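*Asks:* This is what each chain is made of:
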Amino acid sequence: MTGAGADISAMRSSYAQAPGHRFNVGDRVAVKSVFPPGHRRTPWYIRGKHGVIERICGAFPNPEELAYGFDGEPAKVLYRVRFTQKHVWPGYQGPGHDVIEMEIFEHWLEPDDRADGDAKP
Amino acid sequence: MSDKPVNKGPHDLGGEAAGLIDTTDHGMLFWEKQANALRSVLSRAGIVKVDELRRAAEGLEQYGKLAYFEVTTSALRVLLLEKGLVTEAELEAKMAEIRRRFDVPDEMESPIKQKAKR
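Just so you know, the protein sequences line up as chains A and B, in that order.
Letter by letter, the first sequence follows residues 1 to 121 in this note's numbering.
Letter by letter, the second sequence follows residues 1001 to 1118 in this note's numbering.
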């Protein structure tokens, strides 16, 4: 633990500026339900699921391009997205307020435009 | 989910039934330390990126059967060949040379020697 006089502003942060981000904290989003070839980091089990933007992590070189030796530019905005466990796992036995949070790149997300108005993911 | 997952990598296991996990710490063998050092040097020098190593690893046919350092070292092999930094012939020649180095009388029945003979 840091002492009382520690300069926490000097502590490193992994945050990278993300100008021009498409989504804001609190926005409801859906993870794209697509299955393209390539080096994809979005797990299968979360594709097609609905969640809420928990934070904007920043913009980072695209791992889908880095994986093949390219520079990953332009950087992609990365979000932490919150999902309820009950929604992600059919038959989930835990409490309804249990959540799973996952960091997902912007190009894997789209606005959650379900017409039923259900605010819960 | 469809019955037949399309383009699902062998690493993408979330939600699948899991067996028992061996949590014993086996330590690192000598070759594993060497291989790990080589991977670290090549990464820090910017010659290979971690994303490339993951991509190469997840593309290995034997992914699920190999141990951790076998996976990372096999992935490194794929990338070095891909980038033209070594050739298949050079690797084969070096491995043959090293095997000969181990081919000495061994009263202790070295497991390395036994493995090389297979």
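Hints in this document: simulated from the structure, not taken from any laboratory.
Heads up, a few of these hints could be off.
[Said to hold, decoys possible] Cβ pair distances, simulated, as ranges:
(1) B/1062 - A/70: 22 to 28 Å
(2) B/1090 - A/82: 35 to 41 Å
(3) B/1019 - A/98: 23 to 29 Å
[As the list claims (entries may be wrong)] Here are a few chain A residues that face chain B, going by a calculated C-beta distance under 10 Å:
(4) 35
(5) 38
(6) 68
(7) 72
(8) 74
(9) 89
(10) 93
(11) 94
[As the list claims (entries may be wrong)] If you want the ones that stay clear, here's a sample from chain B, every Cβ over 12 Å from chain A, calculated:
(12) 1011
(13) 1023
(14) 1052
If you're wondering where the values come from, they're calculated on a predicted model, not measured in any experiment.
C-beta: ideal position from N, C-alpha, C; glycine also.
*Asks:* Please verify that hint: residue 72 of chain A, Cβ, nearest Cβ of chain B, below 10 Å or not.
*Replies:* 8 Å, holds
*Asks:* Beyond 12 Å on every Cβ pair: is that true for residue 1023 of chain B relative to chain A?
*Replies:* Correct as stated: the minimum Cβ-Cβ distance to chain A is 23 Å, above 12 Å.
*Asks:* Can we confirm that no CB of chain A comes within 12 Å of the CB of residue 1011 of chain B?
*Replies:* 9 Å, violated
*Asks:* Does the Cβ-Cβ separation between residue 1090 of chain B and residue 82 of chain A fall within 35 to 41 Å?
*Replies:* Because 50 Å falls outside the window, the suggested range is violated.
*Asks:* Taking the least C-beta to C-beta distance, is residue 89 of chain A closer than 10 Å to chain B?
*Replies:* 7 Å, holds
*Asks:* Does the closest beta carbon of chain B sit nearer than 10 Å to the beta carbon of residue 74 of chain A?
*Replies:* Interface hint status for residue 74 of chain A: violated (16 Å vs cutoff 10 Å).
*Asks:* Taking the least C-beta to C-beta distance, is residue 94 of chain A closer than 10 Å to chain B?
*Replies:* Cβ of residue 94 of chain A sits 15 Å from chain B, so the hint is violated.
*Asks:* Can we confirm that no CB of chain A comes within 12 Å of the CB of residue 1052 of chain B?
*Replies:* Its Cβ does come within 12 Å of chain A, the nearest being 6 Å, so this is violated.
*Asks:* Could you tell me whether the CB distance from residue 1019 of chain B to residue 98 of chain A stays inside 23 to 29 Å?
*Replies:* About 25 Å separates the Cβ atoms of residue 1019 of chain B and residue 98 of chain A, which means 23 to 29 Å holds.
*Asks:* Measuring from beta carbon to beta carbon, are residue 1062 of chain B and residue 70 of chain A in 22 to 28 Å?
*Replies:* At 27 Å between Cβs, range holds.
*Asks:* Next item in the hint list is residue 38 of chain A. Is there a CB on chain B closer than 10 Å to its CB?
*Replies:* Holds: closest Cβ of chain B sits about 8 Å from residue 38 of chain A, inside 10 Å.
*Asks:* Tell me if the interface restraint on residue 68 of chain A is satisfied: Cβ within less than 10 Å of some Cβ in chain B.
*Replies:* 7 Å, holds
Hint compliance for this structure: hints 2, 8, 10, 11, 12, 14 are broken, all remaining hints hold.
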